[in-house]
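Asker: Sequence:
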Amino acid sequence: MTDSATASPTKALTHCPHCGSKLPDIPVSLCPYCASPLETAADRKRLESVNAARIERVTQHADFEAACEATPPESTTFHEGARRAWWSIPLIGLGVRFALTGVPPSGRGFDRGGFVLLALGAASAGAGFHLGRTGRAMRKDAVALPLLRRAGLIVDRRSETEIRGWGGRTTYYFKVEFEEGIVGEFRFPGLGAQEDPYATNLPGVAYTRGTELLHFRHIRV
Numbered sequence: 001m002t003d004s005a006t007a008s009p010t011k012a013l014t015h016c017p018h019c020g021s022k023l024p025d026i027p028v029s030l031c032p033y034c035a036s037p038l039e040t041a042a043d044r045k046r047l048e049s050v051n052a053a054r055i056e057r058v059t060q061h062a063d064f065e066a067a068c069e070a071t072p073p074e075s076t077t078f079h080e081g082a083r084r085a086w087w088s089i090p091l092i093g094l095g096v097r098f099a100l101t102g103v104p105p106s107g108r109g110f111d112r113g114g115f116v117l118l119a120l121g122a123a124s125a126g127a128g129f130h131l132g133r134t135g136r137a138m139r140k141d142a143v144a145l146p147l148l149r150r151a152g153l154i155v156d157r158r159s160e161t162e163i164r165g166w167g168g169r170t171t172y173y174f175k176v177e178f179e180e181g182i183v184g185e186f187r188f189p190g191l192g193a194q195e196d197p198y199a200t201n202l203p204g205v206a207y208t209r210g211t212e213l214l215h216f217r218h219i220r221v
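For the sequence shown, this note's numbering gives the first residue as 1, with consecutive numbering after it.
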C-alpha cells in the first residue's frame, strides 16, 4: 500500500475552475478574479508580503467603507453592447418604414421600386435585430462574473498598443495585490491621451469583474 505521506501531491491548478481565468504561479486559496475558493491551494494561511501592512491600513481607513459601497462604470464591452442595442431600435424602425412605403395600394401589384424598398426594409430590420441580439449578449457576458470591491495595491503595470488604420489603441495590464498575498493581473483599456493611467505602488480599492479592472480608487495611507 502506498503511504499517503509519500504519495505525489495533487497537480496545481493553472486556471480557475469557476471563471476560467489563468491563476498566478504562487499558491492561493482564492481566485484573484472571482474570489471563488480553490480546493487545491497549497497554503490557506496568510501569506507574508511586504505590502500586507499597507493593504491592511486601506481597510482601516475612514474612506474604505464608502469606497466599498460605490458602483464603478462597467467595462467597454458592456458599453459597446449597450450602443449596439440602442442602434438596433432606429434600424428596425427604418426597416419597417421602408417596408410599409414599398407596399403598393390595394389592387395594384408590386413594381420595381416597391421591391427595392422591401429589400432595403428587410436589410435594415435584419441588421437591427442582429445588433440587438449581439448587444444584449455582450452586456450579459460583461456582467456574468461578480463585481468585487477589495483593498489592494498596484505592484506592477504593463501596456500593449494595437495599431488600427490611422490610429491605435492602448490596453494596460495592472498587477494588483490583495489581502493574504493574492495577486492577479487585470486588463484596463486606455481612455485616451487625457487620461492618466494608475501608477504603481498605489494603494486603494480595486473594482474588478473577472479579469477586468473597472476602476481603482486611490486611498492615501
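One thing to keep in mind: the hints can contain errors.
Said to hold, decoys possible - Taking CB as the label site, the calculated pair distances span:
no.: 1; residue 1: K22; residue 2: A122; range: 19 to 25 Å
no.: 2; residue 1: A144; residue 2: F115; range: 28 to 34 Å
no.: 3; residue 1: R169; residue 2: P27; range: 21 to 27 Å
Unchecked claim - DSS-like mimics (lysine-lysine), calculated; alpha carbons at most 30 Å apart, straight line:
no.: 4; residue 1: K175; residue 2: K22
no.: 5; residue 1: K140; residue 2: K175
no.: 6; residue 1: K22; residue 2: K140
If you are wondering where the hints come from, they were derived from the structure by calculation, not from laboratory data. Don't be surprised by glycine CBs; every beta carbon is placed ideally from N, CA and C.
Asker: Hint by hint, note whether the structure agrees.
Answerer: Cross-check of the supplied hints:
1. K22 / A122: 19 to 25 Å: Check failed, 44 Å falls outside 19 to 25 Å.
2. A144 / F115: 28 to 34 Å: Given range 28 to 34 Å: violated, Cβ gap about 43 Å.
3. R169 / P27: 21 to 27 Å: Given about 35 Å between the Cβ atoms, the range is violated.
4. K175 / K22: 13 Å, holds
5. K140 / K175: The given pair, whose Cα atoms are some 26 Å apart, holds under the 30 Å limit.
6. K22 / K140: 22 Å, holds
The earlier numbered hints that this structure contradicts are 1, 2 and 3.
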